[in-house]
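Colleague: Chain by chain, the residues:
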Amino acid sequence: MAITEATREQMQQLAARYPQPRSALLPMLHLVQSVEGEVTTDGIEACADVLSITPAEVKAVSTFYTMYKRKPVGKHHIGVCINTLCGLLGGDAVYDALSERLGVGHDQPTADGEFWLERIECQAACTHAPVMTVDWEFMDDVTPTSAVDIVDRLARGEQVASTRGPVIRDFRATEHTLAFPLDGLADEGNPVDAKMLAGLAVAKERGMSAPTSTKEG
Amino acid sequence: MTLTPIITEFWDDPKLYTLDGYRSHGGYRALASALKQDPDAIIGTIKDSGLRGRGGAGFPTGLKWSFVPQNDGKPHYLVVNADESEPGACKDIPIMMANPHALVEGVIISSFAIRANHAFIYIRGEVPEAIRRVANAIEQARAAGLIGKNILGSGFDLEVVAHSGAGAYICGEETALLDSLEGFRGQPRLKPPFPAVAGLYASPTVINNVETIANIPYIVDRGVEWFRQFGTEKSPGFKVFAVSGHVNRPGIYEAPLGITMRELLDYAGGMRDGRPVKFWLPGGSSVPMLTADHLDIPMTYEDMATAGTMLGTGTPMLFDDTVSVVKAVTRWLEFYKHESCGKCTPCREGTYWITGVLEKFEHGHGTEAEVETLVGLCGQIAGRSFCALGDAAATPYPAALKYFREEFLAATTTSADEQFDPVASYVFAGAVAR
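If you read the protein sequences in the order shown, they are chains R and F.
Numbering follows our numbering, with no gaps: position 53 of the first sequence is 55.
Numbering follows our numbering, with no gaps: position 202 of the second sequence is 1173.
Nothing false has been slipped in among the hints.
In silico DSSO-like pairs for lysine-lysine, Cα to Cα no more than 30 Å straight-line: (1) F:Lys1308 / R:Lys73; (2) R:Lys71 / F:Lys1314; (3) R:Lys206 / F:Lys1205; (4) R:Lys73 / F:Lys1314; (5) R:Lys61 / F:Lys1314; (6) F:Lys1045 / F:Lys1007; (7) R:Lys206 / F:Lys986.
To be clear, the hints were calculated from the coordinates, so they are not data collected in a lab.
Just chain R, with the same shape it has in the complex (with noise of 0.2 Å):
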């Protein structure tokens, strides 16, 4: 894959979406992360040429966010939340089990190019932990064995679903969605779990509801 005339006229319908072009950069670095599977320089040089900036000012940005990566990620971004709730709560032995299974540590790819591990700061489920993500799909509820067998599924080129998202695609796949957000996916998979209806369902149970107009007297 290299950055082509194609890329950059994307490039420059992102920089239209602002009233000032340089705030596509994140997008446009997400775009080139779609393309290459990692920030290169050849991307770098793009973003600033499509943005009248130096690539020096690019780089700087780039380096500054985790979810950008100066390596090739290969086809699937692992990630497991290891903050404190998630990591206590058995966050700690799905990452060491991930790790096992995939030879990897922190932030590293796997040889085969198939595999990125990443220990992921809070991922916005607490209510869900363990979590962990597969190219940023959410996968709630890990264990150990589950977390393994969604890696093994994977390797083997199955199927594999996002607890609360679509069927899981690549990474490449999820970088460009974050670029161009209207992926037709937002159909697929209905992410609002019991989790997220658990209130609703005990306010159901009990007859418990919100008055919708104003208080009498």
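Based on the hints, put chain F in the right spot on chain R.
Modeller: Here is chain F on its own, set in the frame of chain R:
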């Protein structure tokens, strides 16, 4: 106090995320009525409602809007802070996935009120499902003439962009978010000037949290009096609480402000295996922890402040007695160290040193003198850092020491994992308590 599903009322309708689904439950009715009003009247309504920011700081929303200078000839911007990354906070992402049109309708009404013709929803990059659902809602609203030129014949024009972040907790700080949205490294700006005067592209900008904006359609539709029947004088309204940790039914529970943790915990099925609450945090890792002695305090901005903590994001995390507080605090500090943007010295260096000393305790090598050294280190950061991240990093340890000094003293000889078998804290089957 009873649960009051409002923002979450129709989440069990699998079509709620679509325009038709949202409209079938009264969606966009508020927008139609808002566009017939004077924008200042809407600002007045939100002021009168007493709605306070749901992102953590609790600043009065209407007051924030009123700081935007009008008739100044400059473009105005609305920026929604959807960078939910606070450890423990998990309520904005669910709102965006389940009810994205409530956010979009709120964005349109709020933009109309502050006279912004361009709005941005800055969503952290690590949640593509939230981003695609919000983007989908924006597109549907645009196709229906609710976004774009001359909305519903009102003469009001608005463009809305769903913007992806790229992994940086600091971008939840509003001025860092603005730098990030302008395509720079996400580092906080000096205030003043405040964003209401010089925000995005140095123009007047309002930055509000997702849940705050999702409240707007309901207030506009049902009125100030309706809104104020929930909550207290100083904390009016309701809250999307996200209860997590060692509870039997972790999840989303919407209730009036003023509900107690004990009541919420009851709705969440109590603690697993009937174990006691050891410590809990009302709203994210950046607010001081409390203990089982504090379960009956109303969850309001003012009552939490009186108890020496903050309501924060209103997403309580509860930990049972299998958890090492030393390990919990160390892990949070590792997070703040990782996320410190490096701009100011107290935070950049301080998080590094606190974490280093805490890791000694986690491994059972702390010293009694270092129990106090850490107090000093935290004191050197709190109030001296450029933004609130440093203050947050200086929060967990002193709070933990207040209630669990003996555990830190024990960690001078015994590691956290020897004091508390980590397996006992796991929530999955097969994990057996020691």
